[in-house]
Structure formats: C-alpha cells, structure tokens
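**Q** Keeping their order, the protein sequence lines are chains A and B. Residues 6 to 325 in my numbering are what the first sequence spells out, letter by letter. Residues 432 to 708 in my numbering are what the second sequence spells out, letter by letter.
It is possible that some hints are incorrect.
Dumping the calculated DSS-like pairs for lysine-lysine here, alpha-carbon to alpha-carbon at most 25 angstroms [to be verified]:
(1) A:K117 - B:K704
(2) B:K624 - B:K704
(3) A:K182 - A:K117
(4) B:K704 - A:K156
(5) A:K109 - B:K624
Bear in mind the hints are in silico, worked out from the structure with no lab data behind them.
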Amino acid sequence: MSDIRLEGVTKRYGTFAAADQVDLSVTQGEFVTILGPSGSGKTTLLSLIAGLNRPTSGRIFIGGRDVTNATAQERNIGLVFQSYALFPHMSVLENVLFPLGVRKIGGAEADKLARDALKLVRLDGLEARRPSQLSGGQQQRVALARAVVFKPDILLLDEPLGALDRKLREELQVELKQLQRTLGVTTLLVTHDQEEALSLSDRIMVLDKGRTQQVAAPTEAYLRPANRFVAEFLGIANFVDLPDGRQGVVRPERVRLAGEGQGKAARVIEAIYLGQMVRYHLALDDNRSVVVAVPFLGTAHAPGERVSVSWESADVWPVT
Amino acid sequence: MNRASRLEGFGFIAPLLVLMVVAFNAPIVYMLGLAFWEKGRGFTLEHYEGLLEAPVYLRVLGNTMRIALIATIANIIIGYPLAHWMRGLGSRGRMIALALVVLPFWVSILVRTYAWIVVLGNGGIVNRALQWSGLTDAPVSFLYNELGVTIGMANVLLPFLVLPLFAAMIRIDDRLLQAAASLGAPPRTIFWKVYFPLTLPALAAGALLVFILCLGFYVTPAILGGGRVPMISNLLDTLINQIPRWEQASAISTILLIVTLVIFAAYRRLDRKASGT
Ligand SMILES: Nc1ncnc2c1ncn2[C@@H]1O[C@H](COP(=O)(O)OP(=O)(O)OP(=O)(O)O)[C@@H](O)[C@H]1O
Ligand SMILES: [Mg+2]
Chain A
6 MSDIRLEGVT
16 KRYGTFAAAD
26 QVDLSVTQGE
36 FVTILGPSGS
46 GKTTLLSLIA
56 GLNRPTSGRI
66 FIGGRDVTNA
76 TAQERNIGLV
86 FQSYALFPHM
96 SVLENVLFPL
106 GVRKIGGAEA
116 DKLARDALKL
126 VRLDGLEARR
136 PSQLSGGQQQ
146 RVALARAVVF
156 KPDILLLDEP
166 LGALDRKLRE
176 ELQVELKQLQ
186 RTLGVTTLLV
196 THDQEEALSL
206 SDRIMVLDKG
216 RTQQVAAPTE
226 AYLRPANRFV
236 AEFLGIANFV
246 DLPDGRQGVV
256 RPERVRLAGE
266 GQGKAARVIE
276 AIYLGQMVRY
286 HLALDDNRSV
296 VVAVPFLGTA
306 HAPGERVSVS
316 WESADVWPVT
Chain B
432 MNRASRLEGF
442 GFIAPLLVLM
452 VVAFNAPIVY
462 MLGLAFWEKG
472 RGFTLEHYEG
482 LLEAPVYLRV
492 LGNTMRIALI
502 ATIANIIIGY
512 PLAHWMRGLG
522 SRGRMIALAL
532 VVLPFWVSIL
542 VRTYAWIVVL
552 GNGGIVNRAL
562 QWSGLTDAPV
572 SFLYNELGVT
582 IGMANVLLPF
592 LVLPLFAAMI
602 RIDDRLLQAA
612 ASLGAPPRTI
622 FWKVYFPLTL
632 PALAAGALLV
642 FILCLGFYVT
652 PAILGGGRVP
662 MISNLLDTLI
672 NQIPRWEQAS
682 AISTILLIVT
692 LVIFAAYRRL
702 DRKASGT
C-alpha cells in the first residue's frame with residue numbers, strides 16, 4: 006500500500022499535450038476516480054503512473070519514492086487495461102499465476118494465492134478456461150484477479166467496466182468497491198461514466214484536454230463545481246444569472262416546482278419518468294430552459310401545462 | 432443449402448472438375464500406379480523391394496531430408512529476427528521491408544539461382560570480401576556442394592516463412608506486452624512467455640511449409656549443386672530422363688508423396704491453430 010503524488014506531470018506528443026501540468030495527491034487506501042471525456046488524457050495519465058510511458062516533464066512519487074524514471078517492473082502496480090489484455094494462450098489460472106511466476110513465487114503457494122484471487126472475484130470453477138471462452142464480465146474479473154494477486158501497492162483501473170451492459174456494470178461496481186475495501190489498496194479508476202465516479206470514489210478528479218479541472222469529493226464537485234466545464238460534465242446544470250452579474254449553477258433536485266403564480270412562470274416542455282423521480286424540461290417566459298427533478302408521487306404535470314419554479318439563493322453556486 | 436440447389440451448383444463446376452480429373456489427377460494416379468504394375472504379370476511390389484535393396488535411394492532420401500532440415504533451420508534463424516524487426520517499423524518502413532521480402536517472388540527462380548553463382552563463385556563478391564578481410568587465404572567453395580544448395584534454397588524460400596510469421600506478429604496487441612511489463616515481467620520473460628508462444632503456431636506452420644517445399648525442390652539443387660548434391664527431385668530427373676526407369680521413379684514419388692502428405696497434415700493442424708480458431 007502506498008500513496009501517489011504527481012507534480013506538474015506533462016506528456017507531450019509533438020506539440021500536443023495529452024497531460025498538461027497535472028498535480029494530484031492520493032493518500033494511502035484512497036479510491037480516486039479520474040473522470041473526463043474521450044481523449045482527455047485519462048489513459049495517458051495511468052500509463053505514466055504505471056511506468057509504461059515516461060512523462061515529458063514533472064515528477065511521480067509512489068510511497069514517497071521518486072519513480073519518474075523507474076521501469077514498470079520496479080513499481081509493483083496492478084493495472085487493468087481498458088481492453089483487459091488477458092494472455093490469449095494461457096488459461097484463466099495461468100493468467101493469474103503469471104505475475105507470481107515473475108516474482109519467483111511458485112508451487113503450492115502460488116496456486117493457493119491464484120485460487121484465492123479468483124475466488125475473490127467469484128470466478129472459482131473457471132480456472133481451466135481460455136480467455137476467449139469467457140464473457141466480457143468474466144474476462145474483466147480475470148484481469149482484476151491478475152492485477153491484485155501479487156498484492157500491488159497501487160491498483161490502476163482503466164475503464165474496467167466500459168464494455169459491459171448496465172446491469173452487469175452496476176453489479177461489478179459494488180464488487181469492485183468491496184474488493185478495494187477488503188484489500189485496502191490505493192486505487193485510481195478511470196471512467197467517463199459520471200454516475201460510476203460519483204458512486205464509487207472518495208474523491209474525483211475531472212480532466213479536460215489534459216488539464217485538471219477539479220479534484221474534490223463527489224458531492225462537493227457536484228454541488229460546488231470549480232468551473233462551467235465541471236458543472237456541465239457532472240450531471241445536469243441549470244445556469245442562472247446572479248445579482249452581481251455572474252452566473253450560477255443550480256442542480257435539478259434543488260429547484261422547487263409549484264403551481265402557477267408561486268415563482269417564476271414556466272411551461273412544461275417534456276416530462277421524463279425515471280422510476281422514483283420525474284424530470285421536467287421547462288421553458289421560462291424568457292425562453293431559457295430549466296430542468297427540474299422531483300419525486301414521482303402518482304400524478305405529474307403534462308407537457309404544455311403552466312407551472313412555476315423557484316430556488317434558494319444558497320443552492321446557487323457561482324461559476325466562471 | 433438444400434439438396435436441389437447443391438446439385439444445381441454441382442452442374443456449374445462439373446466441366447471444370449472433369450478437366451481437373453482428366454488433366455491432373457489421372458496422370459498422377461497413373462504415375463503412382465506404374466510402380467505397382469508390371470506388364471503381363473499384374474500387381475507387384477518388386478519395385479519397392481528394389482528401393483530397399485539399393486541403399487542409394489534411401490541415402491538420397493535421407494540426404495534430402497537433412498538438407499531440407501538445415502535449410503529450414505537457416506530460414507528460421509534469419510526469418511524470425513527479420514519478421515520481428517519488421518513489426519517494429521513504422522507503417523512506411525513495413526511497406527518497404529515487405530516489398531523487399533516479396534520482391535524475389537517476382538524474379539524468376541532461375542535468374543535468382545544463377546545470381547547466386549555470381550555472388551558465391553570463387554571470384555564472387557563473398558569470396559573477394561573474405562580474402563580482402565584476411566579471414567581466408569584461398570577461396571571458400573560455396574558452389575556445387577551442400578552449402579551452396581542450402582544457401583540458395585534458404586533464400587528462395589524465405590518469404591514463405593517470413594510472411595506468415597510477420598502476419599502473426601503484427602496481430603499481437605502491444606497492450607499484451609505492456610500488460611506483462613506492468614505485471615512485473617522483465618523483457619526476457621515478456622519475450623519467452625508472451626511474445627514467442629503467440630508466434631509459435633505461425634512459426635511452426637511456416638517452417639513445415641518451407642520444409643515441404645525443400646523436399647521437392649529441383650531447380651536450385653540442380654544448378655547450385657552442379658549434379659554433385661543428390662536430392663530426390665534430381666534423382667527422379669535422372670531416373671526418368673536418362674536411364675529411364677519409370678517404375679522406380681514412380682515408387683520413389685509415392686514415398687515422397689506420403690512423407691509430404693503426413694507433414695502437410697501436421698502443417699494444416701498448426702495452421703488452423705495459428706489462425707486462432
Ligand atoms: N502515442 C500517441 N501519440 C500521439 N497522440 C497520442 C498517443 N497516445 C495518446 N494520444 C493522444 O492523447 C490524447 C489523450 O489520449 P488518452 O488515450 O489518454 O485519452 P482517454 O482520456 O483515455 O480517452 P478514452 O476515454 O477515449 O479512452 C488523445 O487526444 C490521443 O489522441
Ligand atoms: Mg482511455
């Protein structure tokens with residue numbers, strides 16, 4: 006177990022900066038999620054930490070040790086690739102044994118460690134299969150078992166659940182969180198799924214175009230986004246004018262919805278049912294749109310109906 | 432597909448099939464049959480017995496196998512690093528290297544083989560370079576012996592090994608190698624435990640193909656061996672065109688065919704593995 010510290014880490018491909026002056030500090034045992042749109046530099050950042058790539062400038066510390074120029078073998082990091090990268094010519098068990106063999110752990114001890122790791126991800130019984138004979142979710146779990154079996158100091162997960170369907174993804178999210186808590190391993194997870202980020206992590210780091218936008222606890226980043234990009238990237242944002250001329254953001258759950266004449270007048274454009282919630286897309290009289298989310302209590306407003314909206318000034322967070 | 436349409440399809444290929452059978456297969460069967468048939472006496476195995484009695488035939492067969500094996504090994508030693516090096520090139524470099532490997536295919540095999548005479552002869556560039564550098568005093572004889580035949584065959588057959596090997600190598604995802612590195616494997620382990628096993632089926636299939644082609648090679652051993660390196664196909668040439676003893680030639684061909692088919696069966700199995708099914 007170790008902490009991670011990035012100081013001004015930059016990776017350039019030609020003149021293009023895939024990672025630009027990134028600072029980050031992850032404490033021991035913490036679960037941090039890197040969130041950002043496609044091409045924002047998430048995989049680049051992980052490969053720099055894993056040692057598969059060298060930064061153009063900046064320094065990387067793991068467990069207090071400067072590993073900027075250390076090779077991947079010297080770092081003891083468990084990495085799960087976006088594409089799993091299982092060895093196709095080896096069985097499930099042989100895949101999980103691989104990092105142990107490299108560390109000169111063999112025989113019964115290695116066998117037990119590997120089987121325990123497979124049990125941890127609930128894959129016992131499939132040891133003899135080839136990766137091509139597994140479903141996507143099972144492959145993902147083999148990759149996970151292979152990455153944790155040698156007790157790495159750090160676990161790096163690159164969109165490990167990206168290729169899976171929603172239900173399986175939600176199941177595995179719970180498993181992943183439990184696994185991380187059991188092992189107590191410092192974890193960096195990459196995703197572009199903001200719900201995943203909000204539900205799994207102690208803190209999130211929002212990236213855009215290789216630059217850090219915000220590092221904060223999920224609710225903090227959601228309710229008090231550092232800038233317009235974060236506000237829009239994490240969930241739905243209503244932008245409103247503040248008295249001082251700046252703009253502020255109000256989340257849909259913080260907007261109050263009432264009958265006509267109890268706030269700003271608005272017209273229902275669309276009502277979307279989300280199980281326990283209904284989301285209304287409204288148009289104000291000045292044609293600006295507002296999104297409201299309220300609990301679904303049996304009846305709902307129909308499109309075209311006139312309503313009114315209001316919000317507490319404390320729920321409006323100024324953004325630049 | 433149902434029966435009727437299958438029969439209908441057969442109608443289209445029937446003329447071609449008849450042509451194939453009459454023009455290619457029938458002569459081969461006739462050739463093979465020659466060894467079992469004696470005029471006026473019917474079925475006989477005496478030509479095979481004759482093969483066993485005259486040790487020269489088996490010696491030539493053994494000799495052919497040995498030369499084929501050496502040429503195949505030489506091919507692997509040159510071809511594997513070459514294909515691996517090509518994988519590491521950029522896309523332009525790959526195109527150029529690939530073209531250079533394939534180019535000899537478009538040059539007549541006769542021309543290429545004679546080119547080796549120029550290169551390897553006593554006054555050829557190889558010998559002049561050796562003498563100039565002081566490695567040898569007298570010219571080394573490369574020609575009209577096994578060494579020359581082996582060099583020539585290895586050269587002619589190189590693309591048959593390099594192409595399937597290169598195809599298998601570029602199919603290996605770099606991320607697999609990165610994964611191995613991230614799991615703590617040093618470069619040697621990555622090569623022997625991940626990279627090499629993934630190229631092994633293609634290597635074995637390519638090597639068997641080269642070996643089979645070596646067994647039946649005629650032009651190169653004839654020219655670079657100068658008649659002094661007896662191989663099966665040259666022996667057949669002698670038996671048919673000079674002595675002539677067709678029955679003996681037929682018996683040898685049958686044995687060669689069986690050996691080749693057995694190896695080919697092994698090749699097919701490996702090739703199916705190499706293409707990942
Ligand atoms: N080897 C490379 N050469 C040049 N550019 C590269 C290279 N690797 C990545 N890039 C560029 O760096 C940027 C960041 O890539 P990266 O793979 O880190 O994105 P990502 O955030 O992981 O995206 P995704 O969510 O699609 O996986 C992209 O614009 C990409 O084109
Ligand atoms: Mg990525």
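**Q** Next, verify each hint and record whether it holds.
**A** Here is how each hint holds up against the structure:
The straight-line distance between the Cα atoms of A:K117 and B:K704 is roughly 31 angstroms, outside the 25 angstroms bound, and the hint therefore fails. Only pairs whose Cα atoms come within 25 angstroms are accepted, and B:K624 paired with B:K704 is accepted, the gap being roughly 18 angstroms. Of the supplied pair hints, the one linking A:K182 and A:K117 holds, its CA atoms being roughly 23 angstroms apart against a limit of 25 angstroms. With a C-alpha separation of about 35 angstroms, the suggested pair B:K704 and A:K156 falls outside the 25 angstroms cut-off, and the hint is violated.
Taking the CA atoms of A:K109 and B:K624, the gap is about 14 angstroms. The hint holds against a cut of 25 angstroms.
Comparing the model with each earlier hint shows violations of hints 1 and 4; every other hint is respected.
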